[in-house]
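Asker: This is what each chain is made of:
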Amino acid sequence: MQLFAEFLALVVIVLIVWLIRRDRLPISHAIWWLAVAAIIALLGFFPNLLDALARAVGISYPPSLLFILAILTLLIKVLLEDLEVSTNRRRLLRLAQKTSILEEEIRQLQRRLDERDKN
Amino acid sequence: MANPGTVVQRHPASMASPDESKIARFRRAAHKMMVVIPARDEAADVGEIVRQVTATGLPVVVVDDHSADCTAETARRAGACVLQLPFHAGAWAAIQAGMRFARQHGYEFVATLDADGQHDPADLETLLERIDAADHPNVVIGACVDRANKRRRLAWRVLRWLSGLDIQDLTSGFRIYDRKALALLAQPDQTLLEYQDVGVLLCLHAHGMRVCEVEVPMCARAHGISRIFRSWPMVVYYLIYSALIGTSRRGRRTEPAE
Numbered sequence: 001m002q003l004f005a006e007f008l009a010l011v012v013i014v015l016i017v018w019l020i021r022r023d024r025l026p027i028s029h030a031i032w033w034l035a036v037a038a039i040i041a042l043l044g045f046f047p048n049l050l051d052a053l054a055r056a057v058g059i060s061y062p063p064s065l066l067f068i069l070a071i072l073t074l075l076i077k078v079l080l081e082d083l084e085v086s087t088n089r090r091r092l093l094r095l096a097q098k099t100s101i102l103e104e105e106i107r108q109l110q111r112r113l114d115e116r117d118k119n
Numbered sequence: 001m002a003n004p005g006t007v008v009q010r011h012p013a014s015m016a017s018p019d020e021s022k023i024a025r026f027r028r029a030a031h032k033m034m035v036v037i038p039a040r041d042e043a044a045d046v047g048e049i050v051r052q053v054t055a056t057g058l059p060v061v062v063v064d065d066h067s068a069d070c071t072a073e074t075a076r077r078a079g080a081c082v083l084q085l086p087f088h089a090g091a092w093a094a095i096q097a098g099m100r101f102a103r104q105h106g107y108e109f110v111a112t113l114d115a116d117g118q119h120d121p122a123d124l125e126t127l128l129e130r131i132d133a134a135d136h137p138n139v140v141i142g143a144c145v146d147r148a149n150k151r152r153r154l155a156w157r158v159l160r161w162l163s164g165l166d167i168q169d170l171t172s173g174f175r176i177y178d179r180k181a182l183a184l185l186a187q188p189d190q191t192l193l194e195y196q197d198v199g200v201l202l203c204l205h206a207h208g209m210r211v212c213e214v215e216v217p218m219c220a221r222a223h224g225i226s227r228i229f230r231s232w233p234m235v236v237y238y239l240i241y242s243a244l245i246g247t248s249r250r251g252r253r254t255e256p257a258e
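Protein chains in written order, with my numbering: chain A, 1 to 119; chain C, 1 to 258.
Rather than coming from a laboratory, the hints here were simulated on the basis of the structure.
Glycine residues also receive a C-beta, built at the ideal position from the N, C-alpha and C atoms.
Please note that a few of the clues may not be correct.
Restricting the straight-line Cα-Cα distance to at most 35 Å, the calculated cross-link-like pairs of lysine-lysine (DSBU-like) are [said to hold, decoys possible]:
(1) A:77 to A:98
(2) A:98 to C:180
(3) A:118 to A:98
(4) C:32 to A:118
(5) C:32 to A:77
(6) C:180 to C:32
The calculated label-pair distances, taken between Cβ atoms and stated as ranges, are [what the hints assert, rightly or not]:
(7) A:26 to C:88: 26 to 32 Å
(8) A:91 to C:241: 19 to 25 Å
(9) A:10 to C:194: 25 to 31 Å
(10) A:112 to C:240: 48 to 54 Å
Using the sequences and the hints, build the whole thing.
Answerer: Following this line, the structure appears as structure tokens:
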């Protein structure tokens, strides 16, 4: 059992729960981070797990497996975020186009109304 | 036009002009074609270009890409519809806004030209002739091959090679799109394209649209300088961008849709 890993996992869990309670983090994102915290906790309780896993995949220096897994986790997360950002950018642009179109149409309707009132 | 405000009307009022045949031709086209002019900080030139286009009887929509100057007001005073984007969204997003507007108002063709006076609206005639031709291309590009400086020509040659597109003037903003091309390009999937590269052309190509070119003379820009290819880093960026988009989409080509 590694106290530092458990402490780290606890900090992440508390932070996530706090963010959920403040409505800052949607559950879908929270699940990801809670899973990360769970893995940290698991490896903290059973450090031998990492050694066994490293041996199984043929890595002679187990901590490097930890780094690979950590980097991979972040990489996937960032890639998913990138996808979401472009989806949001697309929606934002569509909305901007729509508002500009609606604005112009309102202007034209207004002008037509004004003309009718004049006559 | 009697009332420059209501540009969306389909039947432009009659106009007396010395060049009747040309005007008549335009008027026929005007029933179904709208001119889209993306503009960003072009207050110096946009008024004149709008007046030139409306003089041909074609309805104009200027898409103001969040200009800092009075582009929108100038265009409106000159008689154009103006769509004002609430933030800087880029030339392609601006053109797509114009396309969506035109489609919503029942137009079948959209012509695009630059707001800086590079393109003579009278040359729309040449483009119209080509899109009316028997083989019915979906997009006609007004190509000005002469304007290319050394940098551009090199970049274009590489782009052509990378993308496999057989088009001389890849970045010309002087184009006519037909109903089918518009239906494709107005979709949300096409919103994140960038205009000043081959993305739009590749998208058309991938969906089996026929794109062809006609050569048109080009006026020098009245004011300012072109934003694209303004420096070597920009050229490198577009080369890498186009290399990626060109090679990643190569396999997605389909047969021309009839």
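Asker: For every hint, state whether the structure bears it out.
Answerer: Here's how the hints hold up against the structure:
Restraint check: the Cα-Cα separation between residue 77 (chain A) and residue 98 (chain A) comes to about 31 Å, which is no more than 35 Å; the hinted pair holds. For the suggested pair residue 98 (chain A) and residue 180 (chain C), the alpha carbons sit about 21 Å apart, so the restraint of at most 35 Å is met. For a cut-off of 35 Å, the pair hint linking residue 118 (chain A) to residue 98 (chain A) stands: about 30 Å separates their Cα positions. Of the pairs offered as hints, the one joining residue 32 (chain C) and residue 118 (chain A) holds, with about 31 Å between alpha carbons and a cut-off of 35 Å not exceeded.
With a CA separation close to 48 Å, the supplied pair residue 32 (chain C) and residue 77 (chain A) exceeds the 35 Å bound. Distance hint between residue 180 (chain C) and residue 32 (chain C) is fulfilled; the C-alpha atoms sit about 13 Å from each other, no more than 35 Å. Evaluation of the 26 to 32 Å hint for residue 26 (chain A) and residue 88 (chain C) yields a pass: the beta carbon distance comes to about 29 Å. Evaluation of the 19 to 25 Å hint for residue 91 (chain A) and residue 241 (chain C) yields a pass: the beta carbon distance comes to about 23 Å.
For residue 10 (chain A) and residue 194 (chain C), the hinted distance range of 25 to 31 Å is not satisfied, since their beta carbons lie about 46 Å from each other. Between residue 112 (chain A) and residue 240 (chain C) the C-beta distance comes to about 49 Å, which sits within the given range of 48 to 54 Å.
The earlier numbered hints that this structure contradicts are 5 and 9.
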